[in-house]
Amino acid sequence: MSERAKTILWTTLFVLGGAFLLGRALFSAQGVGREYVEGEVIVATPSDGGPTREWTQWRQASYGEFLRAQAADPDQQAFRLDLPRTIGLWIAAFLTLAIFSFLWGDNPVYKLAEAIFVGVSAAYWMVVAFWSVIVPNLIGSLLPGLVRAWAVPGLSEETEPKLIFLVPLVLGILLLWRLAPKGGWIASWPLAFFIGVFAGLRLVQFFHADLLNQVASGIMPLVAFDEAGAFAAGATLQHVISVVGVLCCLTYFFFSVEHRGAVGAASRVGIWVLMITFGAMFGYTVMGRIALLVARLEFLLIDWLWLIDPAGSRSI
Amino acid sequence: MLRFLQTLDRRWIFLLMLLAVGVPIVLQLRFPESITPNTLAAFAEIEKLEPGSRVLLSFDFDPASAGEIAPMATSFTYHAAKRGARLYFMALLPVGPQMAEDTIAKVIARDFPEMRYGVDFVNLGYKSGLEAVIKVIATDLRQMFTTDARGAGIESIPMMAGVRSVQDMDLVVSVSAGYPGVKEWVQYAKTPFPDRISMIAGVTGVQAPPLLPYVPVQLPGLVAAIKGAAEYEALLADAYGLQAEPRYQEGRRRMGSQLVGHVLMILLIITGNVVYFLTRRQERQREARR
Amino acid sequence: MRRTIPLFITTAAGVVLVVAYFVPWMSALGETVSTWFNILAAIAFILGGGNLMKMNLRKISDRVPGWGYSVVTLVAFVVTLAVGLAKVGVNPLPEYPSYAWSGEFNEQGSAFWWIYEYTWKPLTATMFAMLAFYVASAAFRAFRAKNIEATLLLGTAFLILLGRTYAGVWLTSWLPEDSPLRIELLSEFVMETFTTTGTRAIMIGVALGVVATSLRILLGVDRSHLGSGRN
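Residue numbers (the working numbering), protein chains in the order written: chain D, 1 to 316; chain R, 1001 to 1290; chain H, 2001 to 2231.
No lab work stands behind these hints, which were simulated from the structure alone.
Among the clues, some could well be false.
Per label pair, the in silico range of CB-to-CB distance [stated by the list, open to error]:
1. H/Gly2068 x D/Trp90: 15 to 25 angstroms
2. H/Ile2148 x R/Ile1035: 25 to 35 angstroms
3. H/Ala2082 x D/Gln76: 50 to 60 angstroms
The C-beta atom is built at its ideal place from N, Cα and C for all residues, glycine as well.
Please model the complete structure; the sequences and the hints are all you need to start from.
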């Protein structure tokens, strides 16, 4: 497609999209995506007798809930339209479309969305790690008094400083040393600790859960009978396939012997079993991928454009 | 026609997929569900919970997989709450607690307003360390969870009394999208303590086939992919009269798009193969003429 | 020192965990080591953020092509980090109103929650939703029934794709309800026997591989993770 044709196509798409949104916002009964909230007044008195504090906690509400509250009392204050969240909803829709725009081809809008994604992701994980683990588990173990007075007043009064937690602190500092201009090699110490723990954990658990237990689960009688003692053809077939199949697949994985003759035949059967397995995996993967796309389109069509309302969240 | 298909711009395929998934959403297509034994087994595990039993719900997924997993999380939470169980939410992924909050707002806040935070349900939050978290809490929960997600001390939470480790839970439900998730729960919790920990799981389509060897010995119930979620919703609707409640039909609603999407995939593979074999025949004929 | 100490740390940490699994009185030590690991994993997130900042600052200072996007990444990173660490817009816990910092960092309505809900959530969800399009394109272009193996793969995929939706039920609804040839039952049979068998073999193979690799690491035979020892 020529550049000119592309420009015309995109301009037409944008104009049509914009006209559709404007039309729905102005002429449809409910308009387009907006966010509503429900306020709850919190009155809190400190247990140590300090001054009482009061604030409103705003929770997500549906348009339907807002309509119902309005119908019951037109002067109600509990439910209201929330502007920052409505702007957020439109930004979310823009970012969704920005990512989808990559389907047409790489473009600056996609790159912008990608850049935001990378920045927010890294910061998000850092913040979660800080408040969920570093504060309660590390600082809370070393300096429980400080953490209790500052951010986690609910931390047990009995918690005493545990100096043993200096070990992860020191290892952590060594790990962060990697960011320093010099001496970054020292980070190999905490990395060695990571590797050691992983190796120790996995050695035992893979041996127990995936090797011993699977060998045990894979051993079954080749001739099966039902509860009444009669020969069960279906179960027998299943057992034979299971036992022979596992052995054939393992033969295929075994590269120390040349795959010829009986070994070659067994490994060939093994490949067939594996191919059927991969076919099923592919089928399930497709199912998963489509489900994620459905959810995203539901966001655009239901939450943003208010085109349909299958959950009945916008009706009185 | 063959020429057109040989040089087909992939954006036409994208458009087809968009329509195959989008149109059924707008038309709100719905189909009946046939139930598979693994979903039935998972349902039975929650169904046999006694009032007051402890259920640990590990929400090991994020928004990227919520489209597939969130309907299961909703159903498990509703079902366990309906059985009168006490719910302990936790997460092995940083965004997991947010997923738990969403489910709490959607299920508990609306349908179980009598359930009190700290007494009937608690959000323990996220802990970093991947499978090592399970390794620790399988024998000592308080070593990792010194507070809940809100920062309340673990001793001050009434429903934590008597809970020393995961072994004190009556059921562990891992709702997971990958690593760390169900596999690690099986390896580090269920396998070392087969008689003390009972467990079921809800997983994505990608994860489901590799977990099948664990069923039923190491994993008694497995709800797999959006299809499993829809099956669970159908069971729940029949058992508790939820047919008219759209909040608990999310998975079933998505199966309409799923059906059309699957048929499109099959048609694409068949068309692709027809094009391939016709092209190959053309090439052979051309070579033969030379 | 650069190689011996890490080697010792690796072996010591790993051996403690292996022994703790079998010796009950050592299990507390195993828990402690695992807890250190979990805390260190949280610190690794800081390292990740720091690396991202360093990399993007370098791109900006070198004015590499597309450095403008690095500015966007940095701004998004710094803003999210600042509002998250400072708990902007977070109310204290109702139980502790006099503790300004006691609230949940991701409380609904806070600035950090807003960024999560309206930027991170749609971005991450859409990134993964895109895969549906690419898998469709790959299905048209790449999946060819060239030989018996590929035909088995595609046949099973068809069976699963049909059998896991109402399409499969509908296509063979003319067969008796318990007929094993009904697509939904056939797909169930394939999952229970062939797929379970194949994945069990893979699981056993992978387990052997993991156990062998772990042993090599703990015994110091495999030292590739230590790198060259240079900065």
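List, from low to high, the hint numbers that the structure doesn't satisfy.
3
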